[in-house]
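Trainee: If you read the sequences in order, they're chains A and B. Each residue of the first sequence is one higher than the last, beginning at 1 in the numbering used here. Each residue of the second sequence is one higher than the last, beginning at 311 in the numbering used here.
In short, the hints are calculated from the structure, not lab data. Beta carbons: idealized from backbone N, C-alpha and C, even for Gly. Accuracy of the hints is not assured; some may be wrong.
Facing chain B, from chain A, some residues (calculated, C-beta under 8 Å) [what the hints assert, rightly or not]:
1. THR26
2. VAL48
3. LEU76
4. TYR116
5. VAL122
6. LEU191
7. VAL200
8. ALA203
9. ALA207
10. MET231
11. LEU270
12. SER284
Quick list of in silico lysine-lysine cross-link-like pairs, BS3-like style, CA-CA up to 25 Å [what the hints assert, rightly or not]:
13. LYS299/A with LYS229/A
14. LYS214/A with LYS229/A
15. LYS516/B with LYS504/B
16. LYS147/A with LYS374/B
17. LYS374/B with LYS229/A
18. LYS509/B with LYS19/A
19. LYS504/B with LYS22/A
20. LYS509/B with LYS22/A
21. LYS299/A with LYS86/A
22. LYS299/A with LYS464/B
23. LYS504/B with LYS19/A
24. LYS22/A with LYS10/A
Covered by chain A, according to a simulated footprint, are these stretches of chain B (three or more residues, beta-carbon under 8 Å) [stated by the list, open to error]:
25. 377 to 386
26. 575 to 584
Listed here are the chains, written in short residue letters.
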Amino acid sequence: MSFAGYKRKKLNQLKWTLKDAKRHSTLYLFLLPYFLVFTLFTVAPVVVSLVLSFTYYNVFEAPRFHGLTNYINLLLADDIFLTAVKNTFLLAVITGPIGYLASFMFAWFIHELPRYVRAIAVLVFYAPSIAGQAFIIWSLIFSGDSKGYLNSILVETGIMNAPILWLTDTRYMMPVVIIVVLWMSLGAGFLSFVAGLNTVDAAQYEAGYVDGIKNRWQELWYITLPNMKGMLMFGAVMAITQSFGVGDVTQQLCGMPSTDYAVHTAVNHLVDYGTLRFEMGYASAIATILFLSMFLCNKAVQSLLRRVGQ
Amino acid sequence: MATTKTKVRKGRIREGRKPNRSIAGDIFVYFVLILFGAFFVFPLIYAINNSLKPLNEIFMYPPKLFVQNPTTDNFSDLFLLMGQSWVPFTRYIFNTVFMTLLGTVGHILFASMGAYALSKYRFPGSRFLFSLVVTTLMFSTYVTAIPNFIILSKLHFIDTYLAIIIPAWGSPIGFFLIKQFMDTIPDTLIEAAKIDGAKEGRIYWKIVMPIIRPAWLTAMIFSIQALWNNGGGAFIYAEELKGLPAALGQITAGGVARQGAGNAATVIMMIVPILAFILTQSNIIETMASSGIKD
Numbered sequence: 001m002s003f004a005g006y007k008r009k010k011l012n013q014l015k016w017t018l019k020d021a022k023r024h025s026t027l028y029l030f031l032l033p034y035f036l037v038f039t040l041f042t043v044a045p046v047v048v049s050l051v052l053s054f055t056y057y058n059v060f061e062a063p064r065f066h067g068l069t070n071y072i073n074l075l076l077a078d079d080i081f082l083t084a085v086k087n088t089f090l091l092a093v094i095t096g097p098i099g100y101l102a103s104f105m106f107a108w109f110i111h112e113l114p115r116y117v118r119a120i121a122v123l124v125f126y127a128p129s130i131a132g133q134a135f136i137i138w139s140l141i142f143s144g145d146s147k148g149y150l151n152s153i154l155v156e157t158g159i160m161n162a163p164i165l166w167l168t169d170t171r172y173m174m175p176v177v178i179i180v181v182l183w184m185s186l187g188a189g190f191l192s193f194v195a196g197l198n199t200v201d202a203a204q205y206e207a208g209y210v211d212g213i214k215n216r217w218q219e220l221w222y223i224t225l226p227n228m229k230g231m232l233m234f235g236a237v238m239a240i241t242q243s244f245g246v247g248d249v250t251q252q253l254c255g256m257p258s259t260d261y262a263v264h265t266a267v268n269h270l271v272d273y274g275t276l277r278f279e280m281g282y283a284s285a286i287a288t289i290l291f292l293s294m295f296l297c298n299k300a301v302q303s304l305l306r307r308v309g310q
Numbered sequence: 311m312a313t314t315k316t317k318v319r320k321g322r323i324r325e326g327r328k329p330n331r332s333i334a335g336d337i338f339v340y341f342v343l344i345l346f347g348a349f350f351v352f353p354l355i356y357a358i359n360n361s362l363k364p365l366n367e368i369f370m371y372p373p374k375l376f377v378q379n380p381t382t383d384n385f386s387d388l389f390l391l392m393g394q395s396w397v398p399f400t401r402y403i404f405n406t407v408f409m410t411l412l413g414t415v416g417h418i419l420f421a422s423m424g425a426y427a428l429s430k431y432r433f434p435g436s437r438f439l440f441s442l443v444v445t446t447l448m449f450s451t452y453v454t455a456i457p458n459f460i461i462l463s464k465l466h467f468i469d470t471y472l473a474i475i476i477p478a479w480g481s482p483i484g485f486f487l488i489k490q491f492m493d494t495i496p497d498t499l500i501e502a503a504k505i506d507g508a509k510e511g512r513i514y515w516k517i518v519m520p521i522i523r524p525a526w527l528t529a530m531i532f533s534i535q536a537l538w539n540n541g542g543g544a545f546i547y548a549e550e551l552k553g554l555p556a557a558l559g560q561i562t563a564g565g566v567a568r569q570g571a572g573n574a575a576t577v578i579m580m581i582v583p584i585l586a587f588i589l590t591q592s593n594i595i596e597t598m599a600s601s602g603i604k605d
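Make a model of the complete structure from these sequences and hints.
Mentor: Here is the structure:
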């Protein structure tokens, strides 16, 4: 089927390729609807934001080439963007790895449970991430007046004597957002781990006992993890996507803009310039920087994961 | 207790308890799961209880976690309240159901067609296309929102249902999971059908689609989750075209007086994706077993 080891003139190759493509023409029809939509709304946005990031564009007039002005302004003149970058990275560095490890740890622990309890446990841990807008409930729990659930508990039990403004006091906003993001972090990656643990061949574990694997940690490192590299990669991609994409939570809980921009993220900044100010060139530069950071982060994690089990 | 010290006798591994597990470790596992399980489930229980509280309990001090005199007043209030607003609550529900339905059906259909071609055949471009899908798994919709706005406005989709429905068809995660799952069904099945004279379209619809049911149910869950929580955002301005989350936002913006109705709306929002997951959980776990990304 493939051309491996088949080195002739390029022209010959091209002919072959075309012939091969023609032979499979029905398949391209199968691909067409999905890839048309996929290209338009998932691939093109990356290209569009890259191109527009070098322009001034307000949707109403044609884009004007602007060189690196957007990037220079972002990095040198926009203090709020630097705050947003700082917040985004702080959130990503904390919620990404913790959410990822928690996803694995809970999946692993759940796997030890008897079968019938497992389904309920999976539901309990996965429900917050699938419940979507339900995280709004945290705004009642962390409500700043004395009727807020947490405040009332802390005041009643005498731990504090005055309610705390969890969602508007800059000292507490970031920790609150981190808690809520972590609460929602057991998503598709977690399910992948739950399923992946089932797929490891029982014979390998039995061989492991015979070979002297002493405890569950050794078993994890030498047998389970190397068998789950694909899932670990998938989970990592999901964790990175989620931790860099925080924006909804901060906006809904702390408002937009949040007090002193204490939890303003890159996504918030992007939405601010894109949908409120219609400075699309500028917003595109922010999106491009986000794309780039996510991509590099993925590459780094990928090379780390290759070392698992060695 | 001392007898639990495990030694593996060759060739005799007991059913049930794994030989290399300590009791202390098991207790630790249960402890951690119960502790964190409580943390994960607490807000949801709080939300449900809140939605059943009569007005005097909502504003009671100190607030109680569990409702004392449960009532469905908040739900009827919600419909009454939103029935009087110029966009009735039922319209928001219709919009959300409509967009979720069309977006999800189109996504499953197109993604499984494309995945079939990529999974079962090697042809020029097939590897490249799949690696493209894997790469885009990492771009969340929040990040692509702005460039998408520009593309949607060029297509004149802004302020129509299409702005939400059509991009949903191209979601990479559903495609990825369906394709990975298809890889696990044997090629001989398809070859056999071909020998019997079946055409590609027939094979896809009559043989492949029934077998990969767990995979498209999974794609369905992810799609429902995304669409059910999409109120229209920046893509739809007309209030009468927006979805439930927009209504929820409106109610909570109404402040203290509407808190009961807001609590009811929160529960309606979260209950549908959770129920969908409960009904399909075993299928999803089956699908996710092939979710690994190979190097």
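Trainee: Confirm or reject each hint.
Mentor: Results of checking the hints against the structure:
| no. | hint | in the structure |
| --- | --- | --- |
| 1 | THR26 | holds (5 Å) |
| 2 | VAL48 | holds (4 Å) |
| 3 | LEU76 | violated (22 Å) |
| 4 | TYR116 | violated (12 Å) |
| 5 | VAL122 | holds (7 Å) |
| 6 | LEU191 | holds (5 Å) |
| 7 | VAL200 | violated (10 Å) |
| 8 | ALA203 | violated (11 Å) |
| 9 | ALA207 | violated (10 Å) |
| 10 | MET231 | holds (5 Å) |
| 11 | LEU270 | holds (6 Å) |
| 12 | SER284 | holds (7 Å) |
| 13 | LYS299/A with LYS229/A | holds (15 Å) |
| 14 | LYS214/A with LYS229/A | holds (22 Å) |
| 15 | LYS516/B with LYS504/B | holds (12 Å) |
| 16 | LYS147/A with LYS374/B | holds (10 Å) |
| 17 | LYS374/B with LYS229/A | violated (45 Å) |
| 18 | LYS509/B with LYS19/A | holds (20 Å) |
| 19 | LYS504/B with LYS22/A | holds (19 Å) |
| 20 | LYS509/B with LYS22/A | holds (17 Å) |
| 21 | LYS299/A with LYS86/A | holds (21 Å) |
| 22 | LYS299/A with LYS464/B | violated (33 Å) |
| 23 | LYS504/B with LYS19/A | holds (21 Å) |
| 24 | LYS22/A with LYS10/A | holds (18 Å) |
| 25 | 377 to 386 | violated (count 0) |
| 26 | 575 to 584 | holds (count 5) |
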